[in-house]
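Q: Listed here are the chains, written in short residue letters.
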Amino acid sequence: MTDQTPALRLEGIVKTFPGVRALDGVSFSVLPGEVHALMGENGAGKSTLMKVLGGIYQPDEGRIFIAERETVMNNPLEAKANGVMFIHQELSLAEELSVAENIYLGELPLRRFGVVDWATLYARTDAILEKLKVGFNARTVVGSLSIANQQMVEIARALTVDAKAVIFDEPTASLTDSEKVVLFDVIADLQAQGVGIIYISHRMEEIFKITDRISVLRDGEYRGTLATAETNEDEVTQLMIGRSLDLSRNTAPVELGPVALRVEGLSCGSLFNDATFEVREGEVLGFYGLVGAGRTEIAETLFGLRTPTSGRIMLKGEEVTITSPIDAIAKGISLVPESRKEQGLVLGMNCRDNMTLPQVSDLRAGPFVAEGAEISIYDQYRDRLQIKAPSWRTTVGNLSGGNQQKIVIGKWLSMRPEVLIVDEPTRGIDVGSKSEIHNLLRDLAAQGYAVIVISSEMPEVLHVSDRIVAMYNGRIMREFSAAEVTEDNLIQAISGIANEAA
Amino acid sequence: MQQDRLKNLLSSGAIWGFIVLELIFFSIAGEYLSLSERAFMDLDNMLLLLKQSAPIGIIAVGMCVIMINGNIDLSVGAIFALCAIVMLDSMSWPMFDALGDWVIPVSACLALLTGCVLGFINGFIVWKTGVDAFIVTLGAMLGYRGLVFMYNGEQPTSNLNWTLVDMAEADILGVETPAIIFLVVVVVVWLIMSRTVHGRNAYAIGDNREAAVNAGIRVGPHFVMNFVLIGFLSALSAVAFYSASGSVNPNDGMLFELWAITAVVLGGTKLTGGKGSVIGTFGGVIAIQLLRKGLGHIGADSETVNLVIGCILIAVLFLDRQLNRKSTGELKV
Amino acid sequence: QTITIGITQNNVGVDSYQTTYEQAFIAAAEANPDVEIVVLDAGGDVARQIAQIQDLVQQEVDAMIIWPTNGEAVIPAVREAYQAGIPVIITNSNIAEPGFEFVASFSGPDNITQGSRAAEIMCERFTDLGIQDEAQIVQITGQPGYTTAIERAEGFEQRLPEVCPNVTLVESQPGNWNREDAQRVMEAFLVQYDDIDGVYSGDDNMGVGAMNAAIAAGRVEDITFVGATNFAVGYDAMGRGEYWGSIYQSPVDDAEAALQTALDVLAGEEVPFLNYFDTPKITQENMGDYDRPVF
Amino acid sequence: MPELNMRSIGGVLARQGILIAFIAFMIGFTLWNPRFIEPNNVFGVVRSSAILGVMALGVTFVVIGGNLDLSVGSMLSFSAIVVLDLHENPAFGPALAIPAMFAATLCLGAINGFLIGYLRLNSLIVTLGMLSAIHGLTLTYSGGQNMDIANQSATWFDVFGRGTAMGIPVPVLIFGLLAAFLGILLAKTPFGRKVYAVGGNGTAATFSGIPRARIVFFTYMISAFCVATAGLIQASRTMGAQNTVGQGLELEVLAAVILGGASLLGGSGTIFKTVIGVLILGFIQNGLLLAGLEFYVQFVVTWVIIILAVWLDIAAKRGKLWSPIA
Ligand SMILES: Nc1ncnc2c1ncn2[C@@H]1O[C@H](COP(=O)(O)OP(=O)(O)OP(=O)(O)O)[C@@H](O)[C@H]1O
Ligand SMILES: Nc1ncnc2c1ncn2[C@@H]1O[C@H](COP(=O)(O)OP(=O)(O)OP(=O)(O)O)[C@@H](O)[C@H]1O
Ligand SMILES: [Mg+2]
Ligand SMILES: [Mg+2]
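Protein sequences appear in the order of chains A, B, C and D.
Once you know that position 434 of the first sequence is 434 in my numbering, the rest is easy, because the numbers rise by one and skip nothing.
Once you know that position 117 of the second sequence is 117 in my numbering, the rest is easy, because the numbers rise by one and skip nothing.
Once you know that position 87 of the third sequence is 87 in my numbering, the rest is easy, because the numbers rise by one and skip nothing.
Once you know that position 85 of the fourth sequence is 85 in my numbering, the rest is easy, because the numbers rise by one and skip nothing.
Okay, chain A solo, but in the shape it has when bound (with noise of 0.2 Å):
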């Protein structure tokens, strides 16, 4: 592996965009047969290295060798011809098109008159999905295929072609676990076949688990390459945010106050069943489960924003019912949503009103929003949460991931509520921050909030949590308090293996 020509390689690559160097003179190679990753904090430009790669964006300085060889790819498509393949961080699909369409999206099979050869296309890639051992065809329509499923369409567009290099941008971010084997299968494949492959993960056990070697960027900036079995994870993180992690967690016993919320049977639909639960002030209570396990739509219905078939809400001991998120608001629960830039920004508008959204209406001055008031509440907040941003005028949309997610932490945090509900506070981010919002968290219950963490990341879960709940397929399955439990125990709670209900 060691004296062959790379796969692939960049030389001294920048790339600006208006205001920012997102990246700054990177020069690294991948050799055939290799998984590389690359590795960085939100916002080091990874995901735009892998599009200037992709021919998506045209570098301003630099050049790339495939095979030795220089290239120019001025389009998707000729990156395609120069054999690099990527799957994208974001789902890039067509939703009301058929799985056989996606996969072959830009390239389909032609005969005369530019008319799709339907037969080839569906006999090419059901021969692919059958590699993939996944549960649909080539004609289903992706809209209707679960996040997972879509994302390893994504994948199989890895496949069609016979590329010298394919790229992975944080695949793995929705796929549950059996899909995660499959897709390590389909990387250990290519792998031999000697394809090149740059694999982009926040998940470092994944990383150390498949790839050779680790490249890390910072700040647009190439900062070395680390064989994956000569490190380990500290060494990496200091490269990648040049500090270690204190990964303790701040166990100083915390007194628990009275119940704050309880939830008796509540159900909804098919989404969920007869969930029974309850947090305490000062308390974190960690919500663990597979993708679609039925957590979000708990958190969804606690805000108001569903409407349960049966059960009660209890807040402090009173019965509730929650129509609106208005509602949820003024009793004192918040949810820090799922998915940042659908459900928690407006991308568009800058951080400060960003923040002060939710209680727009309480900070008044006469008739006027008291834009003092404001402005003071997000100075608080931002450098409570150590937002980095340049001002409070800055547009959202312009900020990184991390940055984004803080946001909207601190926009529910100010509103104070009694509950607060944070559903996958961490997905995309990286570790750095990723200990932040932890340590975060934990400081909120020791000031006596009730906390709600739903996570998909076990890690996190019994990071975090004081008393953790295990859900399968809609229903509670288990209760675990942070002595009793173990990986073990709360794996097979959650893939219904143990059948006892909590």
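Keep in mind that the hints were calculated from the coordinates and are not lab data.
Bear in mind that the values here come from a model prediction, so they are computed numbers and not experimental data.
Incorrect hints may have been included.
As the list claims (entries may be wrong) - Result set (DSSO-like, lysine-lysine): computed pairs, CA atoms no more than 30 Å apart in a straight line:
(1) A:K131 to B:K270
(2) A:K209 to D:K317
(3) A:K331 to A:K316
(4) A:K341 to A:K331
(5) B:K128 to D:K320
(6) B:K128 to D:K317
(7) B:K128 to A:K331
(8) B:K128 to B:K270
(9) D:K317 to A:K388
(10) D:K188 to D:K317
(11) A:K209 to A:K131
(12) A:K341 to A:K388
(13) A:K180 to A:K316
(14) A:K180 to A:K209
(15) A:K209 to A:K164
(16) A:K180 to A:K133
(17) D:K320 to A:K388
(18) A:K131 to A:K164
(19) A:K133 to A:K164
(20) A:K316 to B:K332
(21) B:K332 to A:K131
(22) A:K331 to D:K188
(23) A:K341 to D:K317
(24) A:K180 to A:K164
(25) B:K270 to B:K332
(26) D:K320 to A:K331
(27) B:K332 to D:K188
(28) A:K180 to B:K270
(29) A:K180 to A:K131
(30) D:K188 to A:K341
(31) A:K209 to A:K133
Use these hints to put chains B, C and D with the ligands onto chain A, whose structure you have.
A: Just chains B, C and D with the ligands, lined up with the frame of chain A:
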């Protein structure tokens, strides 16, 4: 899967159900209210319906393509008028004197070419400037209309050529020329949209433009092609219609864009693009024309016609949404 | 034995002339027990009107009356009716000459004459005021492309130099049969030209719009307003001495004449091909001879 | 993703691009015909733009809230006809006619708002349907007849369209005051902020506890209120109206709002810019008329100006003249 298909059929079939309802209603109401001896659902009357649907129908087919592609074109009415002027006026240009009746195909081709050029201008602006098609074509609606007026002041442009009229009124098995053109356009464009790469790419672009770009589809040229197509179809509609009438007012074709859009939406095409069908649009056009014809048949007065058409439009939209609603677990957002 | 007559009107509801016409037509038909009518409205759209003519042919009416949206474009459709043996009567605004052979009769006002008469009214007034050799006038025409608008302007522009060769028509702009548009056009004229002695408008509705602009600019005293189709607003303004003259044209006469012509044709009577009804001049001087228009 | 340095000089220029275009345009026309800039003419233009302008103020709210309103033209006809008819009705008279007309027009706005805000139907099609339906309603109401005030000297009704106060024509005054009021409402109050939020991202607004449906509903009520005001000015100015006075105005209004830089996607735009957009359209029309050009030349010029203005606006935002569409 099976259920999906059923739902799809139901939602795209809504327009046909509506047409059947109209037919039944007007047939029965016609018995009581109409002065005519002849039944509403008479074959001749239905053939006439097809012919009368042609002018807006041909344009609506183009609009369907544009909307599937994720754009909109508000300038079709002005293109229609401008192409008509080119056709009728060019027939009397001195340089074509020698051609005799052969001037007809030459003028028709000139008109079609004009349509393509006007469409190209729109498409090119959308592509190169990145200004939204709604704004570009809103501007063009004014601009092209201005050109219509500049061409011949405020006078109508006329050229009544009986050979041409006879050609336009010729029929095959009772189906007259404009109706034939309309049907051919529907079939050809349907084939393009469902069978060719261009058609499938147009769907993909309308569905998720970024995905299409990422997959290496050149979005701009597809936009331009579709704008050229709708320009061409607007011109074809003008050729078909003005062959049989021979005179164009500078105001002709106003509001055609709104009726075409209405037909397309009634036909089940998603306003945001990515989903829709030419056949459904055909249904939408027929449904509107049937409504007009039927209301005339039973003697409704003009204010009622306006009121009814407006209300039906909203009602169909409402029903369509009920049918297409995600069945379970929709968030209250 | 009842007779079925179909009518397709130009654009009902766009102004009260057309609306009153429709009502008068219906009233006249109801008064006659032998007549049944199908009333259609083209909404100003040629395509729709052609479709309506075809529908009437298909419904096998005994005769049809057409108020054309475009004097030329309807000719082939009229030919279809002619070929189906249905007599066609054109009303209000004639079709172009190539269509005459398919038409039984035209019934309506003579728009060219109306234009000429308006020119005469204007000229006579200028002569009385002694400014017939220096006067400058502007014209506000009707909907562009519309036969009535074209013919009235044509008649006016032809006649004016004959009677008052030294009056200059400085500019024409369309007011679209719309009072507000006419007012806006007039406002610009008033800024642009310091000397305006007369305004000719394609109908009184626009004329009153122009007059309102002049009132606002304080120049109504200096200007002679002449219009056509005397509307009630125009009549009232004449009464107040602000508006000078117009052409008296009654939609009721118009509608009744059309229906009668159709009946005469069906009865096999000889009717003149151009069956004009009279539209006399009306000015502040003789307005007492006429009733206030109902529209 | 848009650029970061909107506060750089280029960014400031971009933000005021429409204003700069406006000034350049005014200078150009003045050089062509000095009468253009005479106070008399300027007042005249502003006065005759007032009707379009007042309607555009309301539509700005609708567009920022992420929707369209194509029904404003036929709604204007409706309100003008209704107020004139009631004025002539001895049971009402001018003092009652005006509030009654406002109530009726607001009902139409409420229908729009209900269908689009609460039932979440597509605004383009709903308001297109309403365009047709309201026209039918107006015709039914009036029987297709023009409405005129018979005894024009005996009423104070003409004050809204023809009067002056403190030397300023009343329509201009109404336009100015309404623009100031709505401008403050939009820029400075919680309600305005919510309109931006709903138009910018309706889902996120809901998650933030903003009553999305109610906000959209109110944008249509504001639009209807503005139309009623415009209808009042219209009716008072001409002291009579046809059933089609407002026909075609919907697109002119939309053009003015877009020219002012409001995005059709919602979430951006300001009242001030809309006013500039309205004035640009008004001055184009007037300038070309003064230059002795036919009215239809104005169509072509408007076409070019709309596209240039919007193009330069978005080009400045993305920092590149040519679009990134592949
Ligand atoms: N189109 C664009 N216009 C302006 N700035 C951009 C654009 N795309 C990316 N950026 C900026 O470039 C930087 C790098 O972004 P990039 O998406 O490459 O980060 P990343 O490393 O993939 O982060 P993540 O881990 O969150 O996916 C960020 O500061 C981002 O804001
Ligand atoms: N099959 C599907 N089709 C369409 N949308 C889906 C589908 N599955 C999930 N989604 C939506 O995608 C988003 C993220 O989905 P995810 O798979 O995380 O489900 P989830 O219900 O949130 O899981 P959990 O309840 O365990 O958090 C959610 O808003 C969900 O409604
Ligand atoms: Mg990324
Ligand atoms: Mg979830």
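Q: Would you mind marking each hint as holding or not holding in the structure?
A: Each hint, compared with the structure:
1. A:K131 to B:K270: violated, 35 Å
2. A:K209 to D:K317: violated, 44 Å
3. A:K331 to A:K316: At roughly 10 Å apart (the allowed maximum being 30 Å), A:K316 and A:K331 satisfy the hint.
4. A:K341 to A:K331: holds, 25 Å
5. B:K128 to D:K320: It holds: about 11 Å lies between the C-alpha atoms, which stays within 30 Å.
6. B:K128 to D:K317: holds, 16 Å
7. B:K128 to A:K331: Roughly 51 Å between the alpha carbons, so the hint for B:K128 and A:K331 is violated.
8. B:K128 to B:K270: It holds: about 25 Å lies between the C-alpha atoms, which stays within 30 Å.
9. D:K317 to A:K388: holds, 23 Å
10. D:K188 to D:K317: Holds, because 24 Å separates the two Cα atoms, which is no more than 30 Å.
11. A:K209 to A:K131: holds, 22 Å
12. A:K341 to A:K388: This hinted pair holds, its Cα atoms lying about 18 Å apart.
13. A:K180 to A:K316: violated, 42 Å
14. A:K180 to A:K209: holds, 12 Å
15. A:K209 to A:K164: The given pair, whose Cα atoms are some 22 Å apart, holds under the 30 Å limit.
16. A:K180 to A:K133: holds, 12 Å
17. D:K320 to A:K388: holds, 27 Å
18. A:K131 to A:K164: holds, 19 Å
19. A:K133 to A:K164: Distance ~24 Å between A:K133 and A:K164 Cα, so the pair holds.
20. A:K316 to B:K332: holds, 26 Å
21. B:K332 to A:K131: violated, 39 Å
22. A:K331 to D:K188: Given pair A:K331, D:K188 holds - Cα atoms ~27 Å apart, limit 30 Å.
23. A:K341 to D:K317: With Cα atoms ~21 Å apart, A:K341 and D:K317 stay inside 30 Å; holds.
24. A:K180 to A:K164: Given pair A:K180, A:K164 holds - Cα atoms ~22 Å apart, limit 30 Å.
25. B:K270 to B:K332: holds, 22 Å
26. D:K320 to A:K331: violated, 48 Å
27. B:K332 to D:K188: With Cα atoms ~29 Å apart, B:K332 and D:K188 stay inside 30 Å; holds.
28. A:K180 to B:K270: Outside the cut-off at roughly 35 Å; violated.
29. A:K180 to A:K131: With Cα atoms ~14 Å apart, A:K180 and A:K131 stay inside 30 Å; holds.
30. D:K188 to A:K341: It holds: about 26 Å lies between the C-alpha atoms, which stays within 30 Å.
31. A:K209 to A:K133: holds, 22 Å
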